[in-house]
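S.K.: Okay, here's what each chain looks like letter by letter:
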Amino acid sequence: NAGVMQNPRHLVRRRGQEARLRCSPMKGHSHVYWYRQLPEEGLKFMVYLQKENIIDESGMPKERFSAEFPKEGPSILRIQQVVRGDSAAYFCASSPGVTFPYSSYNEQFFGPGTRLTVL
Amino acid sequence: DQQVKQNSPSLSVQEGRISILNCDYTNSMFDYFLWYKKYPAEGPTFLISISSIKDKNEDGRFTVFLNKSAKHLSLHIVPSQPGDSAVYFCAADTLEYGNKLVFGAGTILRVKS
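Those sequence lines, one after another, are chains S and V.
Sequential numbering of the first sequence, starting at 1, is according to the working numbering.
Sequential numbering of the second sequence, starting at 1, is according to the working numbering.
For the record, the hints were derived by calculation from the structure and aren't laboratory data.
There may be inaccurate statements among the hints.
Computed list of lysine to aspartate or glutamate pairs in EDC-like fashion (alpha-carbon distance at most 16 Å, straight line) [stated by the list, open to error]:
1) V:37 x S:107
2) V:54 x V:31
3) V:5 x S:86
4) V:37 x S:41
5) S:62 x S:86
Derived coverage of chain V by chain S (criterion: at least 3 residues anywhere in the stretch with Cβ under 8 Å from a Cβ of chain S; other residues may be distant) [as the list claims (entries may be wrong)]:
6) 14-24
7) 101-107
Quick reminder that beta carbons are idealized off the backbone N, C-alpha and C, glycines included.
Please take these sequences and the hints and turn them into a complete structure.
M.R.: The structure is reproduced here in structure tokens:
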């Protein structure tokens, strides 16, 4: 039973380039979350997606960042025109989602992360 | 606005003794609290959680205590083992719609053998 998969594990980009980070959720999970961890800080929520839908993007920077979770294939976090401040570890998590009516809490399971370095 | 705070950046404990990691929060709307453990270059691993309607949850060597009136929770590890050395993150959630975890900054636990 494979866990959450992320690739690449390490990504180096020069300023102004684009970064694409991929996440495949655990089998049976239809909800994907992206978090960013800056050095010496905790993880910060960025975006919550279901298949073909963005549910909550309140943590996403207004410009240059976008996310998608298509019907087929992994979720993609895309950063255009990267700057040095984008250097961080980006973690994806997945869960079965919230059950309605609410019956139990479903924890999020995290992938190993993508470490983005912007030169 | 730090809604979840872990005020101790690090903790050092002797093998076999108890490790107590603390976490404070400010948002009384949080419904669930979780602890994650993280090794370097890996993703966080879920450890244990507690609902806001409970005050204690136990799983093997790990026990989480919740004091709602003080907006404080703690993770107890007994007995501590060298393999427990990692960064521990406290996280909180509101169940308004889906899960959007709010994390503390983490506490580095070192268990000395």
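S.K.: Next, verify each hint and record whether it holds.
M.R.: Consistency of the hints with the structure:
1. V:37 x S:107: The given pair, whose Cα atoms are some 14 Å apart, holds under the 16 Å limit.
2. V:54 x V:31: Holds - the C-alpha atoms of residue 31 of chain V and residue 54 of chain V are around 10 Å apart, at most 16 Å.
3. V:5 x S:86: 24 Å, violated
4. V:37 x S:41: Holds: residue 37 of chain V and residue 41 of chain S sit about 14 Å apart, inside 16 Å.
5. S:62 x S:86: 13 Å, holds
6. 14-24: It is violated: at least three residues are needed, and the stretch 14-24 of chain V offers just 0 whose Cβ sits closer than 8 Å to chain S.
7. 101-107: It holds, with 6 qualifying residues against the three required.
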